[in-house]
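K.L.:
Turn these sequences into a full structure, and let the hints steer you where they fit.
Protein chains: 2
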Amino acid sequence: MQEKKTVQAIGYIRCDFKEKFGIPRQSGRASSLRAEIIFHAPYQCADAFRGIEEFSHLWLLFDFSKTEDKAFSPTVRPPRLGGNKRVGVFASRSPYRPNRIGLSCVKLVEVKKAENGSVSLVVSGADLLDGTPILDIKPYIPFTDCMIDATGGYASAHEHDRLEVDFPKSLLAQIPLDKQAGLLDCLADDPRPSYQNEPTRVYGMKFAEFEIKFQVCKKRLAVLSVEKVDNNLNIVL
Amino acid sequence: MQEKKTVQAIGYIRCDFKEKFGIPRQSGRASSLRAEIIFHAPYQCADAFRGIEEFSHLWLLFDFSKTEDKAFSPTVRPPRLGGNKRVGVFASRSPYRPNRIGLSCVKLVEVKKAENGSVSLVVSGADLLDGTPILDIKPYIPFTDCMIDATGGYASAHEHDRLEVDFPKSLLAQIPLDKQAGLLDCLADDPRPSYQNEPTRVYGMKFAEFEIKFQVCKKRLAVLSVEKVDNNLNIVL
Numbered sequence: 416m417q418e419k420k421t422v423q424a425i426g427y428i429r430c431d432f433k434e435k436f437g438i439p440r441q442s443g444r445a446s447s448l449r450a451e452i453i454f455h456a457p458y459q460c461a462d463a464f465r466g467i468e469e470f471s472h473l474w475l476l477f478d479f480s481k482t483e484d485k486a487f488s489p490t491v492r493p494p495r496l497g498g499n500k501r502v503g504v505f506a507s508r509s510p511y512r513p514n515r516i517g518l519s520c521v522k523l524v525e526v527k528k529a530e531n532g533s534v535s536l537v538v539s540g541a542d543l544l545d546g547t548p549i550l551d552i553k554p555y556i557p558f559t560d561c562m563i564d565a566t567g568g569y570a571s572a573h574e575h576d577r578l579e580v581d582f583p584k585s586l587l588a589q590i591p592l593d594k595q596a597g598l599l600d601c602l603a604d605d606p607r608p609s610y611q612n613e614p615t616r617v618y619g620m621k622f623a624e625f626e627i628k629f630q631v632c633k634k635r636l637a638v639l640s641v642e643k644v645d646n647n648l649n650i651v652l
Numbered sequence: 416m417q418e419k420k421t422v423q424a425i426g427y428i429r430c431d432f433k434e435k436f437g438i439p440r441q442s443g444r445a446s447s448l449r450a451e452i453i454f455h456a457p458y459q460c461a462d463a464f465r466g467i468e469e470f471s472h473l474w475l476l477f478d479f480s481k482t483e484d485k486a487f488s489p490t491v492r493p494p495r496l497g498g499n500k501r502v503g504v505f506a507s508r509s510p511y512r513p514n515r516i517g518l519s520c521v522k523l524v525e526v527k528k529a530e531n532g533s534v535s536l537v538v539s540g541a542d543l544l545d546g547t548p549i550l551d552i553k554p555y556i557p558f559t560d561c562m563i564d565a566t567g568g569y570a571s572a573h574e575h576d577r578l579e580v581d582f583p584k585s586l587l588a589q590i591p592l593d594k595q596a597g598l599l600d601c602l603a604d605d606p607r608p609s610y611q612n613e614p615t616r617v618y619g620m621k622f623a624e625f626e627i628k629f630q631v632c633k634k635r636l637a638v639l640s641v642e643k644v645d646n647n648l649n650i651v652l
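Line by line, the protein sequences are chains S and E. The opening residue of the first sequence carries number 416 in this note's numbering; numbering runs sequentially from there. The opening residue of the second sequence carries number 416 in this note's numbering; numbering runs sequentially from there.
Keep in mind that the hints were calculated from the coordinates and are not lab data. Please note that the accuracy of each hint is not assured.
One-sided and incomplete, this derived list gives chain S residues near chain E with beta-carbon spacing under 8 Å [to be verified]:
no.: 1; residue: Val422
no.: 2; residue: Gln423
no.: 3; residue: Pro457
no.: 4; residue: Cys460
no.: 5; residue: Phe464
no.: 6; residue: Leu476
no.: 7; residue: Asp478
no.: 8; residue: Phe479
no.: 9; residue: Pro489
no.: 10; residue: Pro510
no.: 11; residue: Ile516
no.: 12; residue: Asp551
no.: 13; residue: Phe558
Counterexamples of contact, computed for chain S against chain E with all Cβ distances above 10 Å [to be verified]:
no.: 14; residue: Arg449
no.: 15; residue: Asn499
no.: 16; residue: Gln611
Being a predicted model, the structure only gives us computed values, none of them experimental. Quick reminder that beta carbons are idealized off the backbone N, C-alpha and C, glycines included.
P.N.:
If you want it as structure tokens, here you go:
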């Protein structure tokens with residue numbers, strides 16, 4: 416017998432990723448990127464977060480809610496392997512997995528209290544789509560979670576690959592100051608599918624209320640334009 | 416609106432903890448302790464684990480299935496704080512939490528293939544009760560999961576507290592050789608509720624098919640007896 420149970424979102428994330436393209440491939444890749452976790456009642460009460468400021472990092476358990484519901488496939492093609500090599504789904508962090516629960520480590524920036532006493536959490540480094548339902552928040556406990564002797568298989572191969580980002584000042588000035596570092600981080604992480612290498616191709620990435628167009632040649636990403644668009648895809652929960 | 420979804424066990428763990436008492440308080444505390452993860456169809460196929468041997472550590476997402484179903488309480492009393500101080504549930508790893516999903520890091524010891532092609536995983540360091548339903552297996556990816564600058568709040572305070580274990584050879588000899596190191600590890604981790612300090616009290620801990628009786632005085636745990644008992648609480652899934 417395989418037990419079933421029902422889980423329910425305790426809240427959701429509010430961030431600048433309005434579509435999948437551009438989201439860092441793992442948490443922490445764009446460490447200056449801010450996001451806010453909003454909680455549903457009764458989880459928004461200050462007591463539920465008592466002592467959380469003592470922890471520098473948190474785990475988010477979340478629902479890959481925007482992942483198409485496909486039949487179980489034992490293998491996936493991770494972008495990090497160029498998208499053309501298959502590995503087992505349990506040897507990957509792919510969203511296309513049984514139960515579709517995601518796991519990401521973020522930095523805790525601020526425990527925010529609204530006037531009505533509701534608590535929300537400001538975090539950095541999240542790799543989640545705006546509106547993603549959150550299933551749990553856990554403190555990151557170094558002595559059980561930080562495995563300094565761990566080895567990482569294929570996922571470590573491109574760990575230090577970063578692009579040099581050429582973002583003309585006049586264009587960057589259009590982005591609100593508090594979002595600039597986060598956006599630069601995401602671009603440096605190379606938002607392209609990793610099996611693409613077409614220097615003439617123009618990519619468009621939605622970020623906050625903007626569309627950023629860019630090209631990539633070798634290890635250099637050049638921003639071509641920044642346009643204000645209606646990315647009003649906020650999912651109201 | 417709070418989205419609901421149904422999740423289902425992909426398998427379960429087979430290990431020597433037949434009751435809650437004695438289970439290490441976090442994964443990795445008893446690193447030599449072996450356990451086996453058995454998968455339900457269709458997840459037991461070898462393809463689903465292709466490449467997993469490249470990772471030294473894995474995450475287990477599991478259902479705290481034996482935790483009483485209580486109404487939401489915003490605070491809990493972690494044993495690590497002596498059981499008399501309350502912290503927010505989201506500042507703890509307590510099982511008494513919304514959605515009751517647990518997260519543990521284990522070492523991958525072996526990818527076992529049965530004659531019929533079914534795969535199971537032998538792991539070490541798990542802090543789960545025998546029969547616990549597993550919801551997901553993910554590879555531990557050092558560059559996103561190993562936060563070497565993380566600080567750990569109250570949970571780090573007793574990190575290096577270990578007991579010296581006095582286990583008479585004649586008694587230890589009753590325990591199968593491959594389980595001795597794991598049991599010694601668990602005892603050294605101090606299975607008592609941390610707010611107890613009663614040198615004359617005799618504790619009984621169930622482990623595999625044994626009951627181990629011991630006393631603790633200061634930093635020394637003395638095993639008094641080992642008895643073969645019927646711990647036949649294996650949960651058939």
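K.L.:
Each hint: holds or not?
P.N.:
Here is what the structure says about each hint:
1. A cut of 8 Å between beta carbons decides the hint on S:Val422: the least distance to chain E is about 4 Å, and the hint holds.
2. Among the interface hints, the one on S:Gln423 holds; its C-beta lies about 5 Å from the nearest C-beta in chain E, closer than the 8 Å criterion.
3. The interface hint given for S:Pro457 holds, since its Cβ lies 6 Å from the closest Cβ of chain E, which is under the 8 Å cut-off.
4. Among the interface hints, the one on S:Cys460 holds; its C-beta lies about 5 Å from the nearest C-beta in chain E, closer than the 8 Å criterion.
5. Annotation: S:Phe464 was flagged as interfacial toward chain E, and the flag holds, the nearest CB pair being 4 Å apart, inside 8 Å.
6. With 8 Å as the threshold, the beta carbon of S:Leu476 comes within range of chain E, its nearest partner Cβ sitting at about 6 Å, so the hint holds.
7. The beta carbon of S:Asp478 comes within 6 Å of a beta carbon in chain E, closer than 8 Å, and the hint placing it at the interface holds.
8. This hint is violated: S:Phe479 has a C-beta 10 Å from the nearest C-beta of chain E, more than the 8 Å allowed.
9. Hint status for S:Pro489 relative to chain E: holds, with the closest Cβ pair at about 4 Å, below 8 Å.
10. With 8 Å as the threshold, the beta carbon of S:Pro510 stays out of range of chain E, its nearest partner Cβ sitting at about 11 Å, so the hint is violated.
11. The interface hint given for S:Ile516 is met, as the beta carbon of that residue sits about 6 Å from the closest beta carbon of chain E, less than 8 Å.
12. With its C-beta approaching chain E no nearer than about 6 Å, S:Asp551 sits inside the 8 Å limit, and its interface hint holds.
13. Given hint, S:Phe558 at the interface with chain E, holds; its Cβ is 5 Å from that chain's nearest Cβ, closer than 8 Å.
14. Every CB of chain E lies more than 10 Å from the CB of S:Arg449, the least distance being 18 Å, so the non-interface label holds.
15. Separation of S:Asn499 from chain E is adequate, the least Cβ-Cβ distance of about 14 Å exceeding the 10 Å criterion.
16. Interface exclusion of S:Gln611 from chain E stands, the closest Cβ pair being 22 Å apart, more than 10 Å.
In this structure, the earlier hints numbered 8 and 10 are contradicted, and the remaining ones agree with it.
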